[in-house]
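Asker: Fit chain B to the supplied structure of chain A, relying on the hints for placement.
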Amino acid sequence: MADRTPTEVAEPLPGGPASSDRPVRPQRTGRRWIAAVALVVAVAWSASGLEIGMDRLLRAPGDAWSIFRQMVPPAFGEAIDRGVPAKVLESVHIAWIGTLIGAVLSFPLAFLAATNVAPLAVRVPVRQLFNVIRAVPELILAVILIPVTGLGPWAGALAIGLHSVGTLGKWTAEAIESVDDGPLEAVAATGGRWVSGMRWGVLPQVLPVVTSHWLFRFEINVRASTVLGMIGAGGVGAELVSQLVFRNFAAAGAVLMMTIAMVLAIDTVSAAVRRRIIRGAARTGNDDEDRNLAVLADLTGLGRNSS
Amino acid sequence: MAGGPPTSSRPARPRARARTWAVAAVLATYTVVAGHTVGFDLSTFWTVWTNPLWDKFWPIPWDWVLDRHNVLDPLVETFQIAIVSTLIGCALALPMAFVMSPLTTPNRVVLVVSRSVMNVVRAVPDLFWAKLLVTAVGIGAFAGSWALSVFSLAVMVKLFSETVDGADPRPLEAARAAGGRHVPVVRTGVLPTVLPEYVAYGLYVFELNIRASVVLGLVGAGGIGRVVEAQRQYFRFDRVLGVLVIVFVVVFVIEQISVAIRKRLV
Chain A
1 MADRTPTEVA EPLPGGPASS DRPVRPQRTG RRWIAAVALV VAVAWSASGL EIGMDRLLRA
61 PGDAWSIFRQ MVPPAFGEAI DRGVPAKVLE SVHIAWIGTL IGAVLSFPLA FLAATNVAPL
121 AVRVPVRQLF NVIRAVPELI LAVILIPVTG LGPWAGALAI GLHSVGTLGK WTAEAIESVD
181 DGPLEAVAAT GGRWVSGMRW GVLPQVLPVV TSHWLFRFEI NVRASTVLGM IGAGGVGAEL
241 VSQLVFRNFA AAGAVLMMTI AMVLAIDTVS AAVRRRIIRG AARTGNDDED RNLAVLADLT
301 GLGRNSS
Chain B
1 MAGGPPTSSR PARPRARART WAVAAVLATY TVVAGHTVGF DLSTFWTVWT NPLWDKFWPI
61 PWDWVLDRHN VLDPLVETFQ IAIVSTLIGC ALALPMAFVM SPLTTPNRVV LVVSRSVMNV
121 VRAVPDLFWA KLLVTAVGIG AFAGSWALSV FSLAVMVKLF SETVDGADPR PLEAARAAGG
181 RHVPVVRTGV LPTVLPEYVA YGLYVFELNI RASVVLGLVG AGGIGRVVEA QRQYFRFDRV
241 LGVLVIVFVV VFVIEQISVA IRKRLV
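Residue numbers (this note's numbering), protein chains in the order written: chain A, 1 to 307; chain B, 1 to 266.
Some clues are possibly wrong.
[Unchecked claim] Computed list of lysine to any residue pairs in SDA-like fashion (alpha-carbon distance at most 25 Å, straight line):
hint : chain 1 : residue 1 : chain 2 : residue 2
1    : B       : 158       : A       : 257
2    : B       : 263       : B       : 94
3    : B       : 158       : A       : 260
[Said to hold, decoys possible] Covered stretches of chain A (in silico footprint by chain B; criterion: 3 or more residues with CB under 8 Å from a CB of chain B, positions within the stretch not fixed):
hint : stretch
4    : 91–97
5    : 105–114
6    : 152–160
7    : 230–241
Quick caveat, the hints were computed from the structure, so don't treat them as lab data.
From the three backbone atoms N, C-alpha and C, an ideal C-beta is built for every residue, glycine too.
Chain B extracted, bound-state conformation:
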């Protein structure tokens, strides 16, 4: 060290603190416990990969899949569910979002109550809603539309109320200074500035609903998932795969269109 030039000494390597080690140890322990409960084992990858059951997925019976009654009709029903529930959810979300934003709700109690209710609604997964409503109103697309309406309301309110929070307050103040009452003030002061994002988020929720409505049928709430569930129970995995291929081509196309419209809007 004394022999070399002083500039060439390496900086000291930073050492991990005791707390870092403790956190790492806790996470590692938890991972082992969780892995054990789940039945994780590196060899399972291999057994899954080499399982002879994969052969049952192939070849896809295209003449069955392309038959109108088997796939197309339930698929249309899926999109009908998505369209109706997007519209209902977004229509209800518009007033709700204004109630949930401090900018447009002067009453603190209303604000806190509506926010907490919506947080709880959002914490319930979409298929839980579907199963609850299937139990309540019976199996079929009707229950599915209800469930997705509730779920799109929750998601839309979350997205859109944040836009309302960030809206320009000056038109609002101007309308208030001109002596407007609350509802007309919000209608003319805030609504026009947030409307493009409302439509864009609406389209995004529509995409989510298209994807969600595909799986609704797995719990009896109508749409293409019903076909998947039925064929799965007959162990016709080749048909299952065929249906899924069709679904993903269609869903992918719809998503690309929706994304293109959204890009133009915002």
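Same shape as in the complex, but just chain A:
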């Protein structure tokens, strides 16, 4: 068996040269058909429930287009007179304060949630707390908080802060879990207490990563805080709603433009700062992965290149 000669292998198969044979086309398995049918049924059921009539469907793009056309020379002068730039800034303030609240609350909790430094009995409830908080959107928190805090930016900042605790706590705990054990052992070897181990063994290692997570969360919170105004929790959202209600589309267009400009500007600056924090001042090549993508992969639970 083992001493097969090469000629045997090279012998052509009966029925034509082997190289020109097309591979067999893979057959669809039954499971794929079931998934496809389930998808079609789900969509048909959903579409029927939403009362999407044909005439409505055909008219909608025209309606939307006419509004967008009326926005097109945006009335920047009117928007500035109404104090929209201040409202845009207020959204940034809300996001900043909210992120700080989230950071301050989540940072100590994260130490209690990390596998390598916290005992099981503490870890599990803290992690569940993060999961529950993450599942409640800022807007819903704001709906609950507004009756208690009153309308205004404070409700928004508090809602954003509480919601941020969930994601920030999870990310920080993961950063703590990935530290090098060496410094922790060194502190333990010199007789340091748990707190000293955290302060000197863990904190210096996680601080850059955690700071970049805070900034990333700040970017997300800026988007969230613009929306919060729509239900009365401060910021630019209220301005957009009132312009649309009065059908003053040129001014609404200006509000929209200013918001987009602010969001894009903060994204760009914050991404640059995060890159500087993670990679340092030295200009390394492009081979190391962008932090944004890494966090994105973490958010989606997917690796970037699995194949």
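Answerer: What follows is chain B alone, placed relative to chain A:
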């Protein structure tokens, strides 16, 4: 120092540079300004915590909450919005993502234009889209489905075009070398390698849409948020809390199922 062994001298403590202090000062100043505008004050935590209005959230009126017309029907509508808009958004995102990736778009102008348009679309928050479309096509689930479709298109294109960027270029080159035209080349050279991630991202967008569709009703775009908004205006906070509890149990279950499917796919 001269008396002790030389090995025991402590290393010099690193000092913060002037620039670090400047940055810290600027951030601290900004924080104070922002905190002042927002109305932040440590005592507000206490006043919020001890506010007697919290009592109005309790007890939850379960017989009202579990009534079919009050919660279940709008909740079903919420999921219908999420399903339809996920499908529309993801279907449109498939060709868009190929247009936006340098691997599959040889034309630079098309690439730059499509990327910038999508960046702007993504910079508009989902509820802004919802409010705009409510104004355009009227209050209700129809506007909500439109808004979420636009938003899922933007998110899906962003996620998926990065997968296309990272796809293996060799099947593409092989198909091109065999003389294929552009569309069949992309169809046979790239699509099969990225399809599993497409489905996985689609499920992720579905989860986002489920969460987003819960709040759409707050601006009049249909779904369960409509109930929350109405009860909020009647100051029936106990009902609000009851609805939210139901919503989060259901959303949590759906998310766990979706996460489990995604893990198997990728």
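Asker: Of the hints given before, which are not true for this structure?
Answerer: Failing hint: just 5.
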